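**Q** What follows is each chain in one-letter form.
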Amino acid sequence: MSWWNTWLAEPLSSEFMVRALIATVALSVAAPLAGVWIVSRRMVYLADAMSHSMLAGVAGAAILGGSLLVGGLVSALVLALAVSWLVTKARATEDGAIGVAGQALFALGIIGVSYQQDPRALSHVLFGNPLTVTWRDVAVDVVLASVVILGLVLAKPLLIATTFDPQHARTVGIRVGVVDVLLLTALAVIVVVGLVTVGVLMAITLTVAPAVAARMASDRLDIVLLVSAVLGLVAGIGGLFVSYHASLPTGPAVALAATLTVVGAYFFRRLRWGVGRAASRHTHSETMVRS
Amino acid sequence: MRGTALQANDLTVMYGSRCGVQGIDLTLSVGEGVALIGRNGAGKSSLLRALAGLEPGSSGSVLLRGQIPLSKSVAGGLAYVPQRAQARWDLPFSVIDVVLTGRYRTRRSFRWSSNDRRTAHDALYLVDASDLEHRSIGQISGGQAQRVLLARALVQEPEVMLLDEPFAGLDTAAVDRVAEVVESLMGRGIGVMCALHELDLARRLFPRAIALQDGRLLMDGSTNSVLSPRGIERIFTVSSATS
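First to last, the sequence lines map onto chains D and R. Numbered per this note's numbering, the first sequence spans residues 2 to 292. Numbered per this note's numbering, the second sequence spans residues 7 to 249.
Any given hint could turn out to be false.
Simulated DEER-style distance windows between Cβ atoms [said to hold, decoys possible]: (1) D/I64 to R/N46: 30 to 38 Å; (2) R/T178 to D/G277: 28 to 36 Å; (3) R/F116 to D/V264: 32 to 40 Å; (4) R/E189 to D/L151: 41 to 49 Å; (5) D/D223 to R/S228: 22 to 30 Å; (6) R/R24 to D/V101: 24 to 32 Å; (7) D/V182 to R/G22: 24 to 32 Å; (8) D/W274 to R/R8: 17 to 25 Å; (9) D/G100 to R/F116: 45 to 53 Å; (10) R/G22 to D/D223: 42 to 50 Å; (11) R/E189 to D/W86: 17 to 25 Å; (12) D/E95 to R/N46: 41 to 49 Å; (13) R/N46 to D/R43: 20 to 28 Å; (14) D/L183 to R/R24: 32 to 40 Å.
Hint data in this document are derived by calculation from the structure and do not stem from the laboratory. None of the values given here were measured: they were computed from a predicted structure. The beta carbon of each residue, even a glycine, is placed where N, CA and C say it ideally should be.
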């Protein structure tokens, strides 16, 4: 039981770790569930640029004393409008427009954060800091994550239709653009939820990596969704505790743990493939002997 | 005399300054089968997409049962089956997930009803794909995928189906199975307009053919007359406008 005491019970004797754990659990379930759809719709680059660009809104809100959530959502909207303008009016390629607009907003965000008096503020916003999580943050994070999870569960048929064949989805009366906007809004909310624990940059890794790993492990949607949430929890909680014990920044520790789920999924897939091949070879040999 | 299921008047599709479809008038009767013939780029897909309401740059009118298909109840009478390559077959969805998406208009709640599921089972049975119901879409063949798309259209309970090259890239056995399904659709009173390149199949399946050239209607008549040697020469000769 000393292992339990050292690794889990001792950190949780500090109230800030309890708060950080609850906030991380909320994020770790919601983020990969959205990630399954982000990855399936090939929107990872846009999602990554959006997480960078949200720094501008978050920094602006902090300077003006406004809501970080609203600030983040505003900068996500600015990114979407800028990309749309660059693509339709300036004839830029979509990925080029995303790169330019995302980086510009990220740069604005860094300038904004540099106006903070605390020099550590930038690293806290980028990579998270569980010490800064308040009970109010925990309550907001749990509510927002629950709304995102519920929305994604209810919208599953819509997301299937628009991901599989957006053209056909339009013919059956689905507003594909609205679904895209709602999904990106959910992602923006997730980035804000992850702001205090893992930071704006690392929240996206927790969104994408468990979803990629789950997809490698299964080709059944419900299993992919379930496995992505479980892997998200493993990465989120594991990364949080490792960061505590090894004195590492929490965001990168969680991001690396999330990346390890992809490595694990690769070996799981290899193992399953090997077992499947051995079983089929065995069946083939038996058939040959019988004949 | 069968009634008119679909009617298009002066249908035009513009892509910027380029004209994809120009001033097409056509009708499709209830249960009628029409082959849409033409070279690549003749405007077949653009015409089908415009009829399905998918071309924002289109003008003219499309009437379904004599009405503009704006309301849900009218628009639901038309089902569009795009080319297979347009959909994403690499995703972790099952066949039944995909077929049910065709029921979106009739959905009453956030969950699929037992009636929706029954309709999807029936549609898969009609296209001879009941055994695929829980199969992952990444594990089915091209012919099976085409029948799944037809099932997705069938669950819309349409009066008109617009098929965009459903036989492209299929082997002979798969072509025959899809052709059987298309014949059964017309037998059930569904008007079918089908873009295809397989002329023998067009003669076998569809009594009427429409030929397009450079976005314009070149010929409209019985398939045998449109696909006569002289007709084929006209359809597949590069016009001076494009040469």
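**Q** For every hint, state whether the structure bears it out.
**A** Status of the hints after comparison with the structure:
Between D/I64 and R/N46, the C-beta spacing of about 57 Å breaks the proposed range 30 to 38 Å. The beta-carbon spacing between R/T178 and D/G277, approximately 31 Å, falls within the hinted interval of 28 to 36 Å. A beta carbon spacing of about 36 Å between R/F116 and D/V264 agrees with the range 32 to 40 Å that was offered as a hint. Here the CB-CB span from R/E189 to D/L151 is close to 46 Å, well matched to the stated 41 to 49 Å.
About 51 Å separates the C-beta atoms of D/D223 and R/S228, a value inconsistent with the hinted range of 22 to 30 Å. The hinted range of 24 to 32 Å is satisfied by R/R24 and D/V101, whose Cβ atoms lie roughly 29 Å apart. Restraint check, D/V182 to R/G22: a C-beta distance of roughly 26 Å satisfies the suggested window 24 to 32 Å. Distance hint check for D/W274 and R/R8: the Cβ-Cβ separation is about 55 Å, which falls outside the suggested range of 17 to 25 Å.
In this structure the hint that D/G100 and R/F116 lie 45 to 53 Å apart at CB is violated, the actual value being about 37 Å. The hinted window of 42 to 50 Å between R/G22 and D/D223 holds, with their beta carbons roughly 43 Å apart. The supplied range of 17 to 25 Å is broken by R/E189 and D/W86, whose beta-carbon atoms lie about 50 Å from each other. A hinted range of 41 to 49 Å is violated for the C-beta pair D/E95 and R/N46, which are about 26 Å apart.
The given range of 20 to 28 Å is respected by R/N46 and D/R43, whose C-beta atoms sit roughly 27 Å from each other. For the pair D/L183 and R/R24, the beta carbons lie near 34 Å from each other, so the given range of 32 to 40 Å is met.
Taken one by one, the earlier hints fail for this structure at numbers 1, 5, 8, 9, 11, 12, listed in ascending order.
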